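Turn these sequences into a full structure, and let the hints steer you where they fit.
So that you can map any letter, position 12 of the sequence shown is 12 in the UniProt record's numbering, and since no number is skipped, the others follow by simple counting.
The set of hints was computed from the structure by calculation and includes no laboratory data.
None of the values given here were measured: they were computed from a predicted structure.
Among the hints, a few may not be true.
Computed beta-carbon distance windows for the label pairs [claimed, not checked]:
(1) 209 x 87: 36 to 42 Å
(2) 60 x 190: 32 to 38 Å
(3) 166 x 12: 21 to 27 Å
(4) 135 x 5: 52 to 58 Å
(5) 38 x 72: 26 to 32 Å
(6) 143 x 183: 43 to 49 Å
Yeah, the Cβ is synthetic: ideal placement off N, Cα and C, and Gly gets one too.
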Amino acid sequence: MNSDWSILYQYRYEILGGLWTTIALVGLALVSGYIVGALACCGKLMRTGPLYWLSTFYINTFRALPETVLVFWIYFCGPFIFTAAPSAWQTGVISMSLVAGAYFAEIARAGIQSVSRGQWEAARAVGLSEFWVWIDVIIPQAVRAMLPSSALLVTQLVKMSGLVSAIGVTELIYQAQTLGSLSFRYFEFFTAVAVLYFILIFPFSMASRFIEAHMRQQIG
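Rendered as structure tokens:
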């Protein structure tokens, strides 16, 4: 069967709508994940107590649980837990946020622990309060160390966003499946979606490598 690329223009608004849904999912999951992950990181740094064990359980669970299982579990088991069943969109945001938070908690913890103990002691020795030790010394260096892994987390979330098509979220994969079934032009639609995913992921992947190489040069 000959390809017909003009069909992409015919359904351009549906494709762009799927692209926007994917970007919105990833953006919301990142913001929520950073907040949840920062809280979990604080709990993990305590090294003892209920918050430490709760954070450890959360991080280990959502890093180990297959993402597909998590999406289906929240969508189909949600009515038994919440007062109202979560919609497909809410399920996508919740599941992606939980995964993002678990990974970001470990990224943040590794970034903070990468700051040498000498930096902490030197900051306290010059009379900085604990608050300003974090603001002026620890956080700027930790954020720098976190950047490569944070960029890779974005690529992971973009890939995960395709899973929520299985529950009816109208992102890129869902649109490709729907439009392909209507027109029998699966090749054109899935090729276009593959290109869009590449455009979304490639800059973050390259940014991660560039930042990591730049940091190695500075250390060297």
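Hints, verified against the model:
1. 209 x 87: 36 to 42 Å: holds (37 Å)
2. 60 x 190: 32 to 38 Å: holds (35 Å)
3. 166 x 12: 21 to 27 Å: holds (24 Å)
4. 135 x 5: 52 to 58 Å: holds (53 Å)
5. 38 x 72: 26 to 32 Å: 28 Å Cβ-Cβ, so the 26 to 32 Å window holds.
6. 143 x 183: 43 to 49 Å: Between residue 143 and residue 183, where Cβ atoms are some 47 Å apart, the hint holds.
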